[in-house]
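There are 4 protein chains.
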Amino acid sequence: MINTEMNKVPKSNESKDIIDRKIEHLKIPLEYDVQHTENYFNDIKLIHHAIPDVDFENIDLSISFFNKKVSAPICISAITGGHPVSKEINEILAKAAEEENIIMSVGSQRAGIEDPALIDSFKITREVAPNIPIIGNIGIGQVSALNFELDDFGKCIEMINADVMAIHLNALHELVQDKGDISYKLFRNNFEKLREKYKKTPIIAKEVGTGFNQDSALILDKLGVDGFDVGGAGGTSFSAIESKRNNFDNQKYTRDPAEVFREWGVPTPVSVIYVRKVTQKLLIATGGLRTGIDIAKCIALGADIGGFAYKFLQSAWNDRKTNSIFNTVKEIRTLKNELRSCLWLMNIDNMDKLKGNRNKYVILGDLYRWLNQ
Amino acid sequence: MINTEMNKVPKSNESKDIIDRKIEHLKIPLEYDVQHTENYFNDIKLIHHAIPDVDFENIDLSISFFNKKVSAPICISAITGGHPVSKEINEILAKAAEEENIIMSVGSQRAGIEDPALIDSFKITREVAPNIPIIGNIGIGQVSALNFELDDFGKCIEMINADVMAIHLNALHELVQDKGDISYKLFRNNFEKLREKYKKTPIIAKEVGTGFNQDSALILDKLGVDGFDVGGAGGTSFSAIESKRNNFDNQKYTRDPAEVFREWGVPTPVSVIYVRKVTQKLLIATGGLRTGIDIAKCIALGADIGGFAYKFLQSAWNDRKTNSIFNTVKEIRTLKNELRSCLWLMNIDNMDKLKGNRNKYVILGDLYRWLNQ
Amino acid sequence: MINTEMNKVPKSNESKDIIDRKIEHLKIPLEYDVQHTENYFNDIKLIHHAIPDVDFENIDLSISFFNKKVSAPICISAITGGHPVSKEINEILAKAAEEENIIMSVGSQRAGIEDPALIDSFKITREVAPNIPIIGNIGIGQVSALNFELDDFGKCIEMINADVMAIHLNALHELVQDKGDISYKLFRNNFEKLREKYKKTPIIAKEVGTGFNQDSALILDKLGVDGFDVGGAGGTSFSAIESKRNNFDNQKYTRDPAEVFREWGVPTPVSVIYVRKVTQKLLIATGGLRTGIDIAKCIALGADIGGFAYKFLQSAWNDRKTNSIFNTVKEIRTLKNELRSCLWLMNIDNMDKLKGNRNKYVILGDLYRWLNQ
Amino acid sequence: MINTEMNKVPKSNESKDIIDRKIEHLKIPLEYDVQHTENYFNDIKLIHHAIPDVDFENIDLSISFFNKKVSAPICISAITGGHPVSKEINEILAKAAEEENIIMSVGSQRAGIEDPALIDSFKITREVAPNIPIIGNIGIGQVSALNFELDDFGKCIEMINADVMAIHLNALHELVQDKGDISYKLFRNNFEKLREKYKKTPIIAKEVGTGFNQDSALILDKLGVDGFDVGGAGGTSFSAIESKRNNFDNQKYTRDPAEVFREWGVPTPVSVIYVRKVTQKLLIATGGLRTGIDIAKCIALGADIGGFAYKFLQSAWNDRKTNSIFNTVKEIRTLKNELRSCLWLMNIDNMDKLKGNRNKYVILGDLYRWLNQ
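Chains as they are written, first to last, in the numbering used here: chain U, 1 to 373; chain X, 1 to 373; chain Y, 1 to 373; chain S, 1 to 373.
Take these hints with a grain of salt, some might be off.
Covered by chain Y, according to a simulated footprint, are these stretches of chain S (three or more residues, beta-carbon under 8 Å) [claimed, not checked]:
| hint | stretch |
| --- | --- |
| 1 | 215 to 221 |
| 2 | 248 to 255 |
| 3 | 335 to 344 |
Because the hints were derived from the structure by calculation, they are not lab data.
Since the structure is predicted, the reported quantities are computational estimates derived from the model, not experimental observations.
Glycine included, C-beta positions come from ideal geometry on N, C-alpha and C.
Work out the full structure: start from the sequences and follow the hints.
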């Protein structure tokens with residue numbers, strides 16, 4: 001079923017720009033260093049326990065995610081959608097997530113709304129992963145649009161039979177893109193209508209690399225979101241990706257805004273703590289996590305789940321070449337084993353005992369300073 | 001009108017030394033690294049807001065600057081004057097500042113007082129920029145001179161129809177120059193006379209790369225200055241410039257004082273906070289700012305305006321080659337766009353809401369230590 | 001008596017795997033960099049005293065170690081056993097320890113229990129060192145085994161006429177090894193039986209490179225151990241050794257767990273302070289010590305003894321080539337001289353006056369932060 | 001008068017060893033890097049004052065040094081003596097000190113006591129410098145010797161008509177030298193006798209690169225010293241010098257003690273603050289000062305005087321080649337000018353106003369941590 005031809009673009013020409021951009025967004029992180037230069041995870045030290053007498057194999061990594069139970073607090077973050085290649089990637093990711101029973105997210109479903117020919121690049125996920133929680137995805141730009149139709153949200157849910165919808169908040173990314181959506185005045189109002197109309201579907205607010213501060217978390221909490229995906233600074237910088245896309249108009253500005261704002265954002269560990277101060281709702285930590293140790297660090301700080309995009313983009317891209325899900329499943333198992341190892345080495349046998357457990361870590365360096373003023 | 005011949009020196013021979021120095025002061029920063037090695041701006045982190053629902057295009061960057069309103073809190077810092085090349089540079093800067101409606105400063109007007117043939121290198125600014133605020137410039141050395149005539153101050157105002165006069169305090173620069181003016185005993189007395197005679201013209205105290213401490217800010221505040229330009233350490237080091245001018249008498253000293261004192265001074269962010277503790281008067285932050293993000297940082301710390309010399313020296317020098325104002329206007333627009341982007345990304349729609357707003361930043365590293373003892 | 005042929009493996013084939021691993025464990029640290037990258041010893045500064053009027057030669061380095069008195073608070077940490085080469089190494093170490101009257105530890109005696117042909121590689125230590133304290137060694141994995149026989153513990157004591165038995169806690173090492181022992185559920189129960197049966201032999205809990213936190217120290221203290229060897233992070237990383245052994249199954253995981261957990265653990269100085277907060281029992285500080293200054297630092301923090309494995313592995317390996325104990329004795333004397341020098345330079349004439357003496361050191365850097373939160 | 005032949009050793013053979021070592025001690029710092037790797041002076045920032053209205057030329061650098069007044073708080077630290085080359089060096093230093101009216105110290109006068117033929121290498125200082133304060137020099141090793149004769153102290157005073165005697169405390173240096181004097185048990189007793197017998201001559205305690213802690217300063221203060229020369233860690237490490245002299249017995253030890261203890265000691269700025277906490281007596285800060293800015297930093301921390309050995313060893317060695325005092329006088333003038341510049345830039349017109357003035361500096365980095373625990 002996996003199609004390896006990249007050139008098969010859908011006929012609808014008006015979405016051509018978005019589609020090309022989607023491929024670039026996949027390839028640039030694989031080919032260039034577009035990661036944030038500062039990663040505060042190394043400033044967090046988990047504290048070893050010398051007598052781990054919990055049973056390694058029986059450590060329970062499972063958590064409840066709304067109405068479903070997943071095998072581990074791991075989420076494949078929103079990566080792609082809206083292109084034949086995206087369909088292949090999403091198929092791989094969803095199959096692997098289903099096999100390992102973890103959470104899967106799709107990329108922005110805007111393309112699917114705008115061009116029905118692209119729906120299958122999203123729909124494929126539910127087709128191959130009937131049981132796992134799948135998180136749908138719509139942007140703050142769309143929700144804030146004058147011509148936003150509430151039904152579009154319903155279409156997104158329906159497209160993948162979404163368990164949860166994420167609204168991605170990507171202000172910086174939109175800002176540094178040419179012609180980005182940066183008008184969010186209607187967001188709060190439209191969100192309230194959404195919230196009212198789609199009562200049964202949990203909605204989470206998802207940052208994409210610049211994190212939440214306390215103010216924005218509080219606003220969203222009051223608006224009634226059901227959870228947060230912090231998407232803090234530390235991992236892939238969408239601003240850095242844009243600076244590689246060479247769309248900087250150097251007749252207009254002396255410096256590329258995408259380069260100037262490359263490092264902007266609240267670091268992931270800081271954002272986890274900021275959000276947790278405001279609310280006890282679901283909290284996914286994404287942005288710069290590289291191993292299962294980083295998941296454990298985030299959960300010790302107060303998160304529920306660790307999300308990964310870059311790692312799974314790498315694994316799925318490799319799997320695409322061999323028409324398999326081998327690497328992606330292996331990555332999930334690696335993360336699980338690393339996380340399980342952390343718990344064992346801290347003598348903890350389930351996720352609840354780790355979550356927000358101040359006795360299990362120390363904070364050093366600049367991260368200490370950031371969190372103590 | 002822009003003259004590209006550098007060799008046209010005025011006939012008056014007695015000012016020859018000053019004039020040659022002026023050209024060197026322009027060219028050395030362009031050709032050598034004479035920037036301070038420590039820049040504490042990276043120790044300040046602005047805090048991203050995930051839902052910027054203010055309207056990007058309608059963010060109001062404008063501020064009142066004494067009796068005029070300018071489009072943004074950006075000041076072209078004092079760069080030059082007193083030489084045909086200076087005239088060209090000043091013409092470019094003033095035209096661009098007029099086009100973009102920002103604040104413009106001229107270099108020390110001493111040369112214009114001492115040699116009327118050089119007046120036009122300053123006067124040109126007002127000729128091409130009838131509407132914007134222009135800041136005149138006289139040195140503490142002149143004001144402190146035994147033979148200082150109050151009328152000279154009036155001549156400076158008149159020369160450019162100055163909205164504001166700056167008295168630049170450049171103690172270190174004078175000290176490390178051969179035969180510098182370092183006798184300031186009469187300053188306070190002469191300043192009081194000035195202040196009395198020229199009641200209508202606001203006067204600001206301007207440091208030029210070594211910043212104000214609290215003591216000196218307090219003295220000036222009590223003397224009745226109307227504002228401060230902190231000119232802190234972090235950007236171009238005049239001491240470093242002098243060390244490049246090769247005027248060190250190595251028969252007299254084993255080390256060049258200009259080299260030994262290269263890094264001396266109160267860093268710009270520290271000086272902004274020091275001055276703001278003492279007074280609520282106008283505060284321009286100059287010294288090491290490189291982007292509009294740095295303007296936003298300084299204003300969050302308590303400043304009103306960000307000043308730039310090095311960036312505009314670069315842009316104007318390039319414009320001189322093509323007899324245009326293209327690069328300088330572009331630089332102003334770039335700074336505005338970067339500043340506007342910062343405000344938007346912090347969900348703030350005017351400068352008042354940013355100024356001194358402690359919720360909008362954290363301070364890390366050595367800067368934290370400097371400010372907390 | 002020292003046999004220089006490495007190939008003489010014992011006949012018992014079932015222990016072959018363990019035996020090969022033992023040789024690798026000796027050679028890898030000598031040939032590769034498997035030391036932790038972070039070593040916090042440099043963050044501790046001992047404070048010089050300008051008038052050392054204690055008598056250098058009469059500084060008393062001796063301490064009591066259970067029922068014996070040793071010449072200095074130096075312990076040759078558990079290095080090896082269970083192989084003909086191990087026998088040679090152990091013979092060298094024990095002879096040198098006897099000559100210098102310091103404490104000697106043997107490696108895990110498991111091989112000796114499982115294959116009587118290997119007993120002599122341990123027994124040799126007591127044969128050549130009749131007087132010094134020798135610490136026997138059994139692993140948490142064995143003690144926790146379902147089929148653990150209490151008599152095996154007695155056999156270990158008897159094998160070397162052990163003064164003290166150490167139970168090594170090497171959870172991380174077992175975890176990252178293929179087929180490691182990671183089931184410790186029976187440990188507490190079995191330990192209590194051991195403790196009851198072998199009342200006369202002191203038992204210490206020994207970490208092997210990942211240190212004790214306060215929780216685990218408290219558990220062991222309550223279980224009735226007679227002392228601790230902190231074996232903190234900072235020196236040889238067993239995880240790093242395993243990552244060099246190339247037994248990573250890259251079909252199963254994308255990253256080698258042994259590489260991912262390379263730096264895991266409580267640093268030695270932190271662990272010394274953690275354990276000392278919990279108990280006043282015997283405390284050996286091992287893990288990253290490189291000189292006698294490091295012994296002095298650990299004792300100032302509260303330890304009783306400094307342990308070294310890597311340094312003595314190096315010396316003994318060299319001695320093996322020349323069939324002597326020259327280098328090992330020299331290393332002991334060097335450590336003694338360095339330690340004595342520290343005491344003299346702090347004007348202290350015995351170990352009691354140094355132990356836990358807060359006036360004799362300052363703590364800088366990340367170590368300060370680790371210890372103050 | 002200056003003799004440029006290095007080979008003219010005195011006839012007395014028994015002092016040959018000391019004499020050779022003296023030449024090595026001069027040449028090694030000139031040819032190798034034997035400076036401490038950590039220098040905390042950069043962690044101290046003096047605070048610029050923007051309106052220096054004190055009169056630069058009339059800034060009074062003079063201080064009283066016991067009964068004499070010197071032009072600046074600068075001391076040529078003890079460098080040498082006891083060799084024909086030393087005589088040349090001392091002649092240059094003393095002439096320059098006399099010309100500039102600063103304080104001069106001689107190296108250890110032990111050689112002069114043991115071999116009258118070497119007296120002139122010390123005596124020359126007073127011959128060419130009749131007016132300045134000259135500090136004599138005897139070691140703690142001599143004062144502590146069983147056969148110490150009180151008259152030797154008198155001979156040292158007489159040899160140079162010393163204004164002040166320094167007893168140098170060089171415990172680490174003696175320790176890492178072969179056959180060093182490390183028996184100081186009689187020091188306190190002998191010192192009391194000295195103090196009693198030579199009531200008229202002030203005696204200061206001088207460390208030589210490892211600094212005073214509070215305890216040793218308190219002991220010396222109670223014993224009745226009249227001042228301190230902190231000689232802290234940060235500049236030339238005598239331990240490093242010894243490690244270059246290749247006298248390490250590698251048959252005895254695996255590591256050269258001189259290398260292991262290379263960085264040992266209380267840093268100069270820390271030691272200044274330690275001593276000042278204990279006493280208000282005279283305090284010379286030596287060890288790692290490189291410019292007049294460093295003098296100002298030390299005095300702001302509480303010292304009275306800054307001492308320099310390395311800088312003057314360099315200048316005098318150069319002067320020896322040209323039979324002049326040109327470089328040494330120039331170095332003194334450079335230090336004076338740098339110090340005067342600092343005072344002017346802080347708007348202070350005499351040394352009293354700088355001394356211990358907490359408003360004139362901030363402390364960053366590890367130095368902050370060292371001083372705040």
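Examine the stretch 248 to 255 of chain S for residues whose CB is less than 8 Å from any CB of chain Y, and state whether their number is three or more.
holds (count 5)
Annotated coverage of the stretch 215 to 221 of chain S by chain Y, confirmed only when three residues or more have a Cβ within 8 Å
Held - the stretch 215 to 221 of chain S has 5 residues with a Cβ nearer than 8 Å to chain Y, which meets the minimum of three.
Quick check: do three or more residues in the stretch 335 to 344 of chain S have a beta carbon closer than 8 Å to a beta carbon of chain Y?
violated (count 0)
The structure is inconsistent with hint 3 alone, although it conforms to all the rest.
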